[in-house]
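2 protein chains.
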Amino acid sequence: MGNLIELMKKEKATIEKYLDLYLESLHIQGVLHDAMKYSLSAGGKRIRPFLAIAVSQLLGKSRELVMPYACALEFIHTFSLIHDDLPALDNDDLRRGKPSNHKVFGEDIAILAGDALNSDAFSVLFEFGEGNFQKGGRFFARAVGGRGIGIGQTKDCTIPESERTVEVLDDINYYKTAMLLIAATAGAAAWLDASDEKIAALDEYGRHIGLAFQITDDILDVTSTPEELGKGVGVDAMLHKATYPALIGIEKSREVAARHVDLAVKSLEVFEKNDWRDALGDVATYILNRSN
Amino acid sequence: MGNLIELMKKEKATIEKYLDLYLESLHIQGVLHDAMKYSLSAGGKRIRPFLAIAVSQLLGKSRELVMPYACALEFIHTFSLIHDDLPALDNDDLRRGKPSNHKVFGEDIAILAGDALNSDAFSVLFEFGEGNFQKGGRFFARAVGGRGIGIGQTKDCTIPESERTVEVLDDINYYKTAMLLIAATAGAAAWLDASDEKIAALDEYGRHIGLAFQITDDILDVTSTPEELGKGVGVDAMLHKATYPALIGIEKSREVAARHVDLAVKSLEVFEKNDWRDALGDVATYILNRSN
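Chains as they are written, first to last, in the numbering used here: chain D, 1 to 292; chain G, 1 to 292.
Derived by calculation from the structure, the hints in this document are not laboratory data. Among the hints, erroneous ones may be present.
[As the list claims (entries may be wrong)] Cut-off 30 Å, straight-line C-alpha distance, at most; resulting in silico cross-link-like pairs (DSBU-like, lysine-lysine):
hint	chain 1	residue 1	chain 2	residue 2
1	G	17	D	103
2	D	45	D	241
3	D	241	G	241
4	G	241	G	12
5	G	273	D	135
6	D	103	G	135
7	D	103	D	273
[As the list claims (entries may be wrong)] One-sided excerpt, in silico: chain D residues whose CB lies under 7 Å from chain G:
hint	residue
8	13
9	29
10	32
11	122
12	123
13	150
14	159
15	160
16	246
17	249
18	263
19	265
20	286
21	288
22	289
C-beta: ideal position from N, C-alpha, C; glycine also.
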């Protein structure tokens, strides 16, 4: 696990170099560029690009080939955070300890910057990518639009707390979070022309770490300090939100998350054991044990 | 011209059948589907898909090959209208004589429905398309994101009326309107593997009809009745907007628009004269003479 932290830190530096390179290569003008850059360079763990890179290495493919796809995932993730924070949606003033995009640039520019990051994720694929557009693109686009993040957010906006069972939470979490992690793993494999068996295994892996990630998020809201988390805590409870801990308690939530992590690790058995398979296994464990 | 109206009407029916087919094939759930469908089926002239189909026929390519690309353009156009109407942007309650998306579904769902139409335009390309992804996709994505509609909208939001010369208006209109028409013409040709010479000619054509279209829009705001236009008129003048007629008068504006139309028609000379070249020429003239 110490290795994973080191590895993620090293890859994060490379990923951020490429994120910047791709954004600047698009030559976007003025305040729109600034608003896109503000959120794109706001940090975070860059877990989605990291996963795509790890998959490329697991498959023995070139890092160059996966980099546009990996960074396009982060464009999408950033877009979804900007729109998620808007007054009409979650109305969050803070993101990663900094003022959210619309607090700095205004609601109009924040909407447009999110839109542009959404579209320009595809620009990054088309301008800089050389992978399997149709196969990889399908995973990618499916994770983003009305069959992915879009329907996840919609369900999260519209399903009343009183109707939320753990099954409903899993359904929301699948669309809102797991699908983009599936795009980062199975989708990256499809982009790199992997076999259907390997794509399917990584689909399983992505789904399980996605569900584990959201359950852990719910738990952290109860157990963390604001300093650890970089955002407000206890918010869910204050809003009487039907979270995993609220529905089945913290201990049972931890058990469910741990089971997802076990299944994620198990799904990797189709690959030969090597450092990158271990790294992906460690990511799953890291999700479970993270403190922010 | 009588022919063009008939032709556009016939193609509109086909386009709307495919728009519906593609949307339903994505199996998007619940209110998100409904909000996407509401705006996607709200009518309009479907000029962008029509142009892409006309280009496919001009190039002697199959209609099937261009249809996903043509409909993806309309997904994008619809997304841009939904977000354009939002309270934080133009704050329009009406669109094509009907309540705008956020008036029916609320601001949250309208943002998400626009986002999904943006992403799922690419889903349509990847799921149903068989064209030249890299070459056609580049035109397409460029027209949508921070190098196209996005920067056009941003400039329109941020450049003060007092700084707007006709050159500034042309710059805004190029990004906000012409780029997607270039995607509908030059981009469709690239998707269909046309020669660079033909792509360049259609790029010229798209640019000129785009600029003519926006100038005519400004003129119609002064000269139409609300019944003709299907939306409020005189709005620009009421808001003391620096439009073409406000800056150089109606007559001179008409002359500039007519010059763009002439240049659009001239750019088609690289193609052999046939019915579809005539149709594209007629589209340019139609833009100039339209009443809504």
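Now for the hints, and whether the structure bears them out:
{"no.": "1", "hint": "G/17 with D/103", "verdict": "violated (42 Å)"}
{"no.": "2", "hint": "D/45 with D/241", "verdict": "holds (26 Å)"}
{"no.": "3", "hint": "D/241 with G/241", "verdict": "violated (46 Å)"}
{"no.": "4", "hint": "G/241 with G/12", "verdict": "violated (33 Å)"}
{"no.": "5", "hint": "G/273 with D/135", "verdict": "violated (39 Å)"}
{"no.": "6", "hint": "D/103 with G/135", "verdict": "violated (38 Å)"}
{"no.": "7", "hint": "D/103 with D/273", "verdict": "violated (47 Å)"}
{"no.": "8", "hint": "13", "verdict": "violated (25 Å)"}
{"no.": "9", "hint": "29", "verdict": "holds (6 Å)"}
{"no.": "10", "hint": "32", "verdict": "holds (4 Å)"}
{"no.": "11", "hint": "122", "verdict": "holds (4 Å)"}
{"no.": "12", "hint": "123", "verdict": "holds (4 Å)"}
{"no.": "13", "hint": "150", "verdict": "holds (4 Å)"}
{"no.": "14", "hint": "159", "verdict": "violated (10 Å)"}
{"no.": "15", "hint": "160", "verdict": "violated (13 Å)"}
{"no.": "16", "hint": "246", "verdict": "violated (23 Å)"}
{"no.": "17", "hint": "249", "verdict": "violated (30 Å)"}
{"no.": "18", "hint": "263", "verdict": "violated (25 Å)"}
{"no.": "19", "hint": "265", "verdict": "violated (31 Å)"}
{"no.": "20", "hint": "286", "verdict": "violated (29 Å)"}
{"no.": "21", "hint": "288", "verdict": "violated (30 Å)"}
{"no.": "22", "hint": "289", "verdict": "violated (33 Å)"}
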